[in-house]
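Since each chain comes alone in its own frame, lean on the hints to assemble the complex.
Listed below, chain by chain, are the residues.
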Amino acid sequence: MKALFMMGCPELPVQTAAALYIANKLNKEGFEVTSAGNKAAISLLLNSDPERHYIKKVMDLDRCIGALAEKTIDFDLCFVFIHSDSGISYLATIKSISKAKTIAVIFGKEIESLIEASGDSIIIAAKAVHNPTPLRAQIDGVKSWAALRK
Amino acid sequence: MNYEILLPNSSFKECAGYIKKNFKEIYYVPAGYKIFDNYLIGVPPIPIAVDNEDIIMPYVKPCHGCFVLRIPGKEEIEVLRREKL
Numbered sequence: 001m002k003a004l005f006m007m008g009c010p011e012l013p014v015q016t017a018a019a020l021y022i023a024n025k026l027n028k029e030g031f032e033v034t035s036a037g038n039k040a041a042i043s044l045l046l047n048s049d050p051e052r053h054y055i056k057k058v059m060d061l062d063r064c065i066g067a068l069a070e071k072t073i074d075f076d077l078c079f080v081f082i083h084s085d086s087g088i089s090y091l092a093t094i095k096s097i098s099k100a101k102t103i104a105v106i107f108g109k110e111i112e113s114l115i116e117a118s119g120d121s122i123i124i125a126a127k128a129v130h131n132p133t134p135l136r137a138q139i140d141g142v143k144s145w146a147a148l149r150k
Numbered sequence: 151m152n153y154e155i156l157l158p159n160s161s162f163k164e165c166a167g168y169i170k171k172n173f174k175e176i177y178y179v180p181a182g183y184k185i186f187d188n189y190l191i192g193v194p195p196i197p198i199a200v201d202n203e204d205i206i207m208p209y210v211k212p213c214h215g216c217f218v219l220r221i222p223g224k225e226e227i228e229v230l231r232r233e234k235l
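For the protein sequence lines, the chains are W and R, in the order given.
Take the first sequence: its position 20, counted from the start at 1, is 20 in the numbering used here, and no numbers get skipped.
Take the second sequence: its position 30, counted from the start at 1, is 180 in the numbering used here, and no numbers get skipped.
Hints are computed from structural coordinates only; laboratory data are not their basis.
A portion of the hints provided could be inaccurate.
Pairs of lysine to aspartate or glutamate, DMTMM-like flavour, derived with a Cα cap of 25 Å [to be verified]: (1) R:K211 - W:E11; (2) R:K170 - W:D74; (3) R:K174 - R:E203; (4) R:K163 - R:D201; (5) R:K211 - W:D140; (6) R:K174 - R:E233; (7) W:K71 - R:E233; (8) R:K211 - W:E110; (9) R:K224 - W:E51; (10) R:K224 - W:D140; (11) R:K170 - W:E116; (12) R:K163 - W:D120; (13) R:K171 - R:E226; (14) R:K163 - W:D140; (15) W:K99 - W:D62; (16) R:K184 - W:E70; (17) R:K234 - W:E70; (18) R:K163 - W:E116; (19) R:K211 - W:E116; (20) R:K184 - R:E154; (21) W:K99 - R:D187; (22) W:K28 - W:D140; (23) R:K211 - R:D201; (24) R:K163 - W:E11; (25) R:K171 - R:E233; (26) W:K71 - R:E226; (27) W:K39 - R:E203; (28) R:K211 - W:E112; (29) R:K174 - R:E225.
Residues of chain W clear of chain R, computed beta-carbon distances all greater than 10 Å [unchecked claim]: (30) N24; (31) V58; (32) A92; (33) K101; (34) I115.
All C-beta atoms in this analysis are idealised placements derived from N, C-alpha and C, irrespective of residue type, glycine included.
Extracted from the complex, chain R is given alone in its bound form (with noise of 0.2 Å):
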């Protein structure tokens, strides 16, 4: 998958702080979401930010901590607009 890491090794706190801090377009989803087929992890409601064609979004990897991600994905903003979380 083509990403970019937006916050490194943080807090899921600090992840979702970043996101709704930095960006305008958010939506909120509960754990166990389902996208790029990866079930978020995260203390709900989970902050999924839309940045033109890019989802920015925290994914938790168990030893490393919470990283924000920016990901090219068309379908999932499609997707998370229709749903309006």
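Just chain W, with the same shape it has in the complex (with noise of 0.2 Å):
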């Protein structure tokens, strides 16, 4: 089983513990995870993970959409982490490049109108910016990540 999570500004505090927090999850059901991000969303990862307990492989956003669109790789599932507009684009790009079951981690101060973009994702949602309670709430919800391949 194989996850792809798909990073884009880390602006927002949340995102990298967003990400570390699921990576462990998917770690443990057996998933070998890819994180996809810019530079400074894949160093702040890695910076918060320095014996790769939990980030296992890393890979250059514009790489990793060149090797879906070209289909040299795939995966089961995509995480995409979105805060704003250009989360929702890179979210339609993978619906329509991967056969990945699209998981859209939503979060932020104004989540509604992204909530909405996200189409027919499964949303894990919830207003936070510097405080990871809430979306930590809303990623315990899901019991099994491996059940909800396609």
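Dropping the structure here:
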């Protein structure tokens, strides 16, 4: 089982915390997790997990999109971290170029329009900027990630 | 790459609307379409316009939103016209 994290700008602190938290859960279920992001997003992940307990594989965001579009890689689950319109564009792109079941992890101050724009993806959403607890509660509501595969 | 920003820091929807409103020769491509060695990000179908010898296209940057760019692209125009997307 393979899972992908698609991470954009790490402007909001909860993104890194949520990614590490979900990665831990996925690792325990036996998923091979790849984290794709821009330089800042990946750097935050790796600096938060220096011994790589949670983050096993990382990839540049653009390279990952290219490989998905060229069909050289694919995943069972894709978690797209969304706090702005750009995240919605990445989600729509993943839905077009990947067979993965998409999970929209939505956070920030204004999340309603982002939830609405996420279509038929599984939605994990909470108003959260600095405090990851509301988002963690939503993540904990999923008892098995493996069961979500298409 | 030599480019001009026609519309900065907007939503993807605004950028797509700008292209459709301001240009006549428009092609619709899927997300992940490869152009200028770049895979397009956005909500499909993604509008790309041709204006003289330039490509007009939306470009999403994770930290800065979506931009509409004008980029000289004779070869890309030929491909778009040939594929008639």
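Quick rundown of the hints versus the structure:
Of the pairs offered as hints, the one joining K211 (chain R) and E11 (chain W) holds, with about 13 Å between alpha carbons and a cut-off of 25 Å not exceeded. Between K170 (chain R) and D74 (chain W) the alpha-carbon distance is near 32 Å, which puts this suggested pair outside the 25 Å criterion. Under the criterion of a C-alpha separation no larger than 25 Å, the hint pairing K174 (chain R) with E203 (chain R) is consistent with the structure, at around 14 Å. Between the alpha carbons of K163 (chain R) and D201 (chain R) the distance comes to roughly 20 Å, so the proposed pair stays at or under 25 Å and holds.
With a CA separation close to 31 Å, the supplied pair K211 (chain R) and D140 (chain W) exceeds the 25 Å bound. For the hint linking K174 (chain R) to E233 (chain R), the alpha-carbon distance of about 17 Å falls within 25 Å, and the restraint holds. Distance hint between K71 (chain W) and E233 (chain R) is fulfilled; the C-alpha atoms sit about 20 Å from each other, no more than 25 Å. Our distance criterion of 25 Å between C-alpha atoms is met by K211 (chain R) and E110 (chain W), whose separation comes to about 20 Å.
Our distance criterion of 25 Å between C-alpha atoms is broken by K224 (chain R) and E51 (chain W), whose separation comes to about 49 Å. Restraint check for K224 (chain R) and D140 (chain W): the C-alpha separation of about 52 Å exceeds 25 Å, so the hint is violated. Proposed proximity of K170 (chain R) and E116 (chain W) is supported: the alpha carbons are some 24 Å apart, at most 25 Å. Annotation: proposed proximity of K163 (chain R) to D120 (chain W) holds, straight-line Cα distance about 19 Å (limit 25 Å).
Proximity of K171 (chain R) to E226 (chain R) is assessed by CA-CA distance (about 21 Å); at most 25 Å being required, the pair is judged to hold. Our distance criterion of 25 Å between C-alpha atoms is broken by K163 (chain R) and D140 (chain W), whose separation comes to about 33 Å. Taken as a hint, the K99 (chain W) and D62 (chain W) pair is honoured in the structure, with Cα atoms around 18 Å apart against an allowance of 25 Å. With a CA separation close to 9 Å, the supplied pair K184 (chain R) and E70 (chain W) stays within the 25 Å bound.
Simply put, K234 (chain R) and E70 (chain W) have alpha-carbon atoms about 21 Å apart, close enough for the 25 Å limit, and the pair holds. The suggested pairing of K163 (chain R) with E116 (chain W) holds, with an alpha-carbon distance near 14 Å, which does not exceed 25 Å. With a C-alpha separation of about 21 Å, the suggested pair K211 (chain R) and E116 (chain W) falls inside the 25 Å cut-off, and the hint holds. Using a Cα cut-off of 25 Å, the hinted pair K184 (chain R) and E154 (chain R) holds, with the two alpha carbons roughly 19 Å apart.
Simply put, K99 (chain W) and D187 (chain R) have alpha-carbon atoms about 23 Å apart, close enough for the 25 Å limit, and the pair holds. Of the pairs offered as hints, the one joining K28 (chain W) and D140 (chain W) holds, with about 14 Å between alpha carbons and a cut-off of 25 Å not exceeded. Between K211 (chain R) and D201 (chain R), the direct Cα distance comes to roughly 23 Å. Compliance with the 25 Å bound is thereby established for this hinted pair. Proximity of K163 (chain R) to E11 (chain W) is assessed by CA-CA distance (about 22 Å); at most 25 Å being required, the pair is judged to hold.
A distance of roughly 23 Å separates the Cα atoms of K171 (chain R) and E233 (chain R); the hinted pair therefore holds under the 25 Å criterion. Annotation: proposed proximity of K71 (chain W) to E226 (chain R) holds, straight-line Cα distance about 22 Å (limit 25 Å). Of the pairs offered as hints, the one joining K39 (chain W) and E203 (chain R) is violated, with about 34 Å between alpha carbons and a cut-off of 25 Å exceeded. Among the hinted pairs, K211 (chain R) with E112 (chain W) is consistent with the structure: their alpha-carbon atoms are about 22 Å apart, no more than 25 Å.
Between the alpha carbons of K174 (chain R) and E225 (chain R) the distance comes to roughly 19 Å, so the proposed pair stays at or under 25 Å and holds. With a least beta-carbon separation of about 24 Å from chain R, N24 (chain W) lies farther than 10 Å from that chain, consistent with its non-interface assignment. No Cβ of chain R approaches the Cβ of V58 (chain W) within 10 Å, the least distance being about 15 Å, so the stated non-interface status holds. With a closest Cβ-Cβ approach of about 4 Å to chain R, A92 (chain W) is found to fall inside the 10 Å limit, against its non-interface label.
For K101 (chain W), the requirement that its beta carbon stay farther than 10 Å from each beta carbon of chain R is met, with the minimum near 17 Å. Taking the minimum C-beta to C-beta distance to chain R, about 16 Å, the non-interface status of I115 (chain W) holds against the 10 Å cut.
The structure fails to meet hints 2, 5, 9, 10, 14, 27, 32 from the earlier list, while all remaining hints are met.
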